[in-house]
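Student: These protein sequence lines map, in sequence, to chains A and B. For the first sequence, the residue numbers in the working numbering are 1 to 196. For the second sequence, the residue numbers in the working numbering are 197 to 288.
Keep in mind that the hints were calculated from the coordinates and are not lab data. Check each hint, because a few of them may be wrong.
[Said to hold, decoys possible] One-sided excerpt, in silico: chain A residues whose CB lies under 10 Å from chain B:
id, residue
1, 156
2, 159
3, 169
Where a beta carbon is used, it is the ideal one built from N, C-alpha and C, also for glycine.
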Amino acid sequence: MSGDHTSSVISARVRHVEALLERRGLLGSGEIDRRIDEFLAGGSPVNGARIVARAWVDPGFAGRLLADANAAIGEVGLSMAGGLQEQRLKVVANTADEHNVVVCTLCSCYPIALLGPSPGWYKSEAYRSRVVRDPRGVLRDLGFELPEGTRISVWDASAESRYMVVPCRPAGSEHLPEDRLAGLVTRKGLIGTAAV
Amino acid sequence: MTDLAPGVRVRTRTTDPDGHTRLPRYARGAVGVLVEEAGLHPLADDRARGRGGTPRPVWHVRFTAADLFGSGDHTVTVELWADYLAPIEEDA
């Protein structure tokens with residue numbers, strides 16, 4: 001299990017393996033850092049926010065997004081193909097009755113291209129182990145009190161898909177243009193641990 | 197033998213294999229409902245052992261919290277390789 005990302009034992013082991021691969025010519029010097037930089041370049045919650053704003057103003061886009069997110073995000077110039085392979089994206093939308101929240105209980109899978117690097121608490125054992133069992137309590141601890149009657153759906157990214165939440169459009173935002181709407185969307189909103 | 201399709205009820209594997217697997221412990225031996233197929237991917241268990249393997253179906257499987265934990269009114273949708281799943285014959 002990759003539960004403890006800060007373990008110095010694991011870090012030392014990774015460095016050792018990296019050095020061995022470089023010595024045997026299987027890996028160029030500094031190649032891993034370069035690959036990671038390339039993968040992270042452009043990865044930002046601004047991307048997820050743009051997708052959400054388009055979904056709020058364009059019901060047709062919203063429908064395509066929920067049906068086939070990889071194809072739909074191309075309409076706003078985004079892609080999940082920035083890594084070694086294109087990752088499958090699954091987008092789920094909150095409604096007045098149902099709230100979605102995302103976790104990876106096995107490690108910390110996360111759509112970096114659309115949300116940027118994940119917050120520290122997302123990778124914590126506390127969040128990963130508790131949110132599947134008591135999502136309402138975890139959200140409350142994060143300062144987000146859901147109405148009693150709201151159904152909660154937790155999504156565990158335990159295989160190859162990455163997940164993103166379309167939050168409910170805030171009341172009173174009817175007159176805002178798409179770019180201003182995007183400015184309302186937060187990273188926590190895209191994970192499902194806060195309202196927008 | 198029931199084919200895997202949306203709406204089919206499945207039970208997850210109960211074995212606890214050595215090494216890497218992607219069936220979370222809390223979802224072992226549990227009954228859930230298939231929601232949708234989530235593409236084809238080589239089995240992570242094989243890849244972790246250095247074996248490539250052919251891509252095989254992955255499913256979104258929805259469990260009720262009550263079935264998983266004995267309490268709670270939410271659902272948990274877990275993404276699982278078909279290898280971890282066995283359909284439940286409804287009339288068996």
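Student: Compare the structure with each hint and give your call.
Tutor: Status of each hint after checking the structure:
1. A least Cβ separation of about 5 Å between residue 156 of chain A and chain B falls short of the 10 Å threshold, and the interface hint therefore holds.
2. Interface restraint check: residue 159 of chain A against chain B, minimum CB-CB distance 4 Å, threshold 10 Å, status holds.
3. A distance limit of 10 Å between C-beta atoms decides the matter here; for residue 169 of chain A the minimum to chain B is near 23 Å, and the interface restraint is violated.
Hint 3 from the earlier list is the only one contradicted by this structure; the remaining hints agree with it.
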